[in-house]
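If you're matching them up, the sequences are chains A and B in order.
Residues in the first sequence are numbered consecutively from 0, following numbering that gives the first Met the number 0.
Residues in the second sequence are numbered consecutively from 0, following numbering that gives the first Met the number 0.
Treat the hints as calculated values from the structure; they're not laboratory data.
Hints should not be assumed to be uniformly reliable.
Unchecked claim - Heads up, simulated DSBU-like pairs for lysine-lysine below, C-alpha to C-alpha not over 35 Å straight-line:
(1) K213(A) - K128(B)
(2) K92(A) - K132(B)
(3) K15(B) - K318(A)
(4) K107(A) - K28(B)
(5) K103(B) - K451(A)
(6) K451(A) - K134(B)
(7) K213(A) - K132(B)
(8) K301(A) - K134(B)
(9) K106(A) - K134(B)
(10) K39(A) - K128(B)
(11) K39(A) - K188(A)
(12) K128(B) - K135(A)
(13) K92(A) - K134(B)
(14) K128(B) - K249(A)
(15) K249(A) - K270(A)
(16) K101(A) - K134(B)
(17) K28(B) - K318(A)
(18) K103(B) - K188(A)
(19) K28(B) - K213(A)
(20) K135(A) - K28(B)
(21) K270(A) - K103(B)
(22) K128(B) - K270(A)
(23) K213(A) - K15(B)
(24) K132(B) - K301(A)
(25) K318(A) - K213(A)
(26) K213(A) - K103(B)
(27) K270(A) - K132(B)
(28) K249(A) - K15(B)
(29) K188(A) - K132(B)
(30) K132(B) - K469(A)
(31) K28(B) - K451(A)
(32) K15(B) - K270(A)
(33) K28(B) - K249(A)
(34) K301(A) - K28(B)
(35) K107(A) - K15(B)
As the list claims (entries may be wrong) - To give an idea of the interface, some chain A residues facing chain B are shown, with a C-beta separation under 8 Å as derived from the structure:
(36) S190
(37) V204
(38) E205
(39) Q229
(40) L263
Treat the numbers as computed from the prediction; the structure is a model and nothing was measured.
Idealized CB from N, CA, C, for every residue including glycine.
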Amino acid sequence: MAHILIIDDDESTRYSLSRMVRRMGHTCATAPTLREGIGKATSEEVDVVFLDVRMPDGSGLDALPAIRHTGSSPEVIIITGYGDPDGAELALKSGAWDYMEKGFSVKKMSLPLIRALQFREERNTRGQARSVISLKREDIVGSSSRLMACLDQVASAAGSDTNVLVTGETGTGKELFARAIHENSPRAKRSFVVVDCAALPETLVESLLFGHEKGAFTGADKVREGLIRQADGGTLFLDEVGELPISLQKAFLRVLQEHRFRPLGSARELKSDFRLVAATNRDLDRMVQEGSFREDLLFRLKSFTIELPPLRERREDIKELARYHTDQFCDTYGLAPKGFSPEFIGTLLAYTWPGNVRELVNSLDRALIAARFDPTLFPAHLPLDVRVEVRRSSLQRKTTSEENLVDVAKGASYPGSYPLPKLRELRERLIEQTERQYPQDLMALCHGDRFKACELSGLSESRLYAILRKYNIPMSG
Amino acid sequence: MTYAMNNRTDWEMKPKMNILFYARNGAAKGLEETIRSLPLDVEFYRNASELLERLRHPFGDPAIAVLVAESTECLEELLVLRHLFRNVRIILILPERESSTVSKGHDLHARFLTYIDSDPAEVALVLNKMVEKLKAPAHKGL
């Protein structure tokens, strides 16, 4: 018998779902507000929660992580009267079990409940899955719903021996997640063997992976144990697996299936009991279509996929990340802890971070170089490209809204409707805005030092002079 | 060579890549010569205190360290410094092929692991490819 919680402000929904749950032989509690629902999820041992999206005291989707991370880590089935694809995607990415529209019959609503309870029972029987709370997550910082959902997957993956594929843009922390899977698994005491497929020259990959006998090829003057063998009992981490030469993929697929392989030049096969975690920032499905990645290997790799969100989709973690890494750097460099000005945090939050957490960490490192012994970090300490991008996009937003007002007054708006301005005029206007703002930022950052300004901007001295003259910017220094 | 944080300009003028080569007491001469022959700006360190001093200063840009552990004792020393290599890509050269030594080597999460008696050209190939990869526009940051 399971205990189910229904959080919905609609009395008739609470009534019909309660009836369904009791008929299925389970106990049930209800709550008409999120506040009351979170309270019950915290104080009671709940297995599954039916959670409405539109609640009088907030969005159910926003409350989802808090409910998922209560003591009993219940599965959550989102129910909504206003189904939309984006909401469904967000819910699932945030760790919801399912996303249902209220229009469905009670019988249809019972199916995801049965499946969620089955999943929960099997997981409890295995007794291996860790909760996110007890997970070792060194250097994985943040508490956003997107991150917590990924950590939930790490906890599940760590409890099994299935192959895992970690995907995400460059700099999202794929290796950290791969290590977290290893560190939280029963294999943690054995080796975590990294194979950097992008860094290994094609001529070396095969002998490094499989190993070789003495004399197996020209230059093989000693026996070499392969990385596959070194990962015996531990985890083999294939980073940037999309770069694995296609000529090797078939052989590696066989290793993955049989956990046996033959070193180059050897007559006998060796065994290796490794667990595979692979990572990529490439679209492997597309590579399969293009013929540069084997479909059967991809099928094996995708047994369990963790998709890491880009930093711009978990902005709520930026402040915590900045604090964590700045403190780490200060500790390493023997500097006193730094404070953050509100504008510094504002700039970090406004930037898009195309290089994700890696770029953020790098920018903080550079900010510390600029700040040295200053006790507080200001936007001026951040790399110029970050500041310029933030300023530029804020100006563009401002300009666009101002222009829209003018255009609306003229009976036309852009973008989005006609008549469009002439491209040449638009381009010139944008260039002028950028040319006007950029040198101001540049000269402020370089404290008027023209040589340094040329160095940073990549402009020749004559071009810099021309721009400064054109916009009446003082040429001090 | 030591790298002191003398002033801000020094750091900002640095090339957009930090490559460190560490071999205690000039071990792995052949490898060092090979690395010196590459068209790369490499900082060379011959003792642990110099290396430690360097690691205690910001990199600001991507960093790769070629670390020669010429003995198991040296490998242990490097493992003690592990936390300082958090954002550094490591190429590790081990003193021997013993499985316990290799296993310790993997604790440094090296991107490439080889042995002191292996062909230095392998390290050069991997280092070049790493540099190429880190300079690619997709690799924004460290």
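Going through the hints against the structure:
Restraint check for K213(A) and K128(B): the C-alpha separation of about 26 Å stays at or below 35 Å, so the hint holds. A threshold of 35 Å between alpha carbons decides the hint, and for K92(A) with K132(B) the separation of about 31 Å falls inside it, so the pair holds. With a C-alpha separation of about 26 Å, the suggested pair K15(B) and K318(A) falls inside the 35 Å cut-off, and the hint holds. The suggested pairing of K107(A) with K28(B) is violated, with an alpha-carbon distance near 72 Å, which exceeds 35 Å.
Straight-line distance between C-alpha atoms of K103(B) and K451(A) comes to about 45 Å, which puts the hinted pair past the 35 Å bound. Under the criterion of a C-alpha separation no larger than 35 Å, the hint pairing K451(A) with K134(B) is consistent with the structure, at around 22 Å. For the suggested pair K213(A) and K132(B), the alpha carbons sit about 31 Å apart, so the restraint of at most 35 Å is met. With a CA separation close to 30 Å, the supplied pair K301(A) and K134(B) stays within the 35 Å bound.
About 57 Å separates the Cα atoms of K106(A) and K134(B), which puts this hinted pair outside 35 Å; it is violated. Distance restraint check for K39(A) and K128(B): the Cα-Cα separation of roughly 56 Å exceeds the 35 Å cut-off, and the hinted pair is therefore not satisfied. For the given pair, K39(A) sits about 39 Å from K188(A) by alpha-carbon distance, which is inconsistent with the 35 Å threshold. Distance hint between K128(B) and K135(A) is fulfilled; the C-alpha atoms sit about 32 Å from each other, no more than 35 Å.
Between the alpha carbons of K92(A) and K134(B) the distance comes to roughly 32 Å, so the proposed pair stays at or under 35 Å and holds. The suggested pairing of K128(B) with K249(A) holds, with an alpha-carbon distance near 24 Å, which does not exceed 35 Å. Only pairs whose Cα atoms come within 35 Å are accepted, and K249(A) paired with K270(A) is accepted, the gap being roughly 17 Å. Between the alpha carbons of K101(A) and K134(B) the distance comes to roughly 52 Å, so the proposed pair goes past 35 Å and is violated.
Between K28(B) and K318(A) the CA atoms are separated by roughly 46 Å; this puts the pair beyond 35 Å, and the hint is violated. Distance hint between K103(B) and K188(A) is fulfilled; the C-alpha atoms sit about 11 Å from each other, no more than 35 Å. Taking the CA atoms of K28(B) and K213(A), the gap is about 24 Å. The hint holds against a cut of 35 Å. Distance hint between K135(A) and K28(B) is unfulfilled; the C-alpha atoms sit about 41 Å from each other, more than 35 Å.
Taken as a hint, the K270(A) and K103(B) pair is honoured in the structure, with Cα atoms around 21 Å apart against an allowance of 35 Å. Of the pairs offered as hints, the one joining K128(B) and K270(A) holds, with about 31 Å between alpha carbons and a cut-off of 35 Å not exceeded. A distance of roughly 40 Å separates the Cα atoms of K213(A) and K15(B); the hinted pair therefore is violated under the 35 Å criterion. For the hint pairing K132(B) with K301(A), the CA-to-CA distance comes to about 25 Å; that is within 35 Å, so the pair holds.
A distance of roughly 54 Å separates the Cα atoms of K318(A) and K213(A); the hinted pair therefore is violated under the 35 Å criterion. Note on K213(A) and K103(B): the hinted pairing holds, with a Cα-Cα distance of about 24 Å set against a maximum of 35 Å. With a CA separation close to 33 Å, the supplied pair K270(A) and K132(B) stays within the 35 Å bound. The hinted pair formed by K249(A) and K15(B) fails the criterion: a straight-line CA distance of about 38 Å is larger than 35 Å.
In summary, the hint linking K188(A) to K132(B) is supported, as the alpha carbons are separated by about 32 Å, within the 35 Å threshold. With a C-alpha separation of about 39 Å, the suggested pairing of K132(B) with K469(A) is violated against the 35 Å cut-off. Our distance criterion of 35 Å between C-alpha atoms is broken by K28(B) and K451(A), whose separation comes to about 39 Å. Using a Cα cut-off of 35 Å, the hinted pair K15(B) and K270(A) is violated, with the two alpha carbons roughly 43 Å apart.
With a CA separation close to 39 Å, the supplied pair K28(B) and K249(A) exceeds the 35 Å bound. Proposed proximity of K301(A) and K28(B) is contradicted: the alpha carbons are some 45 Å apart, above 35 Å. Proposed proximity of K107(A) and K15(B) is contradicted: the alpha carbons are some 58 Å apart, above 35 Å. Given the 8 Å rule on beta carbons, the hint for S190(A) holds: about 4 Å separates it from the nearest Cβ of chain B.
With a least beta-carbon distance of about 11 Å to chain B, the hint placing V204(A) at the interface is violated under the 8 Å criterion. Checking E205(A) against chain B by beta carbon gives a least distance of about 13 Å; that is not within 8 Å, so the hint is violated. Here the hint on Q229(A) is kept, as its CB sits about 6 Å from the closest CB of chain B, short of 8 Å. The closest approach between the C-beta of L263(A) and any C-beta of chain B is roughly 15 Å, which is over the 8 Å cut-off, so the hint fails.
The structure does not agree with the numbered hints 4, 5, 9, 10, 11, 16, 17, 20, 23, 25, 28, 30, 31, 32, 33, 34, 35, 37, 38, 40 stated previously, though it agrees with the rest.
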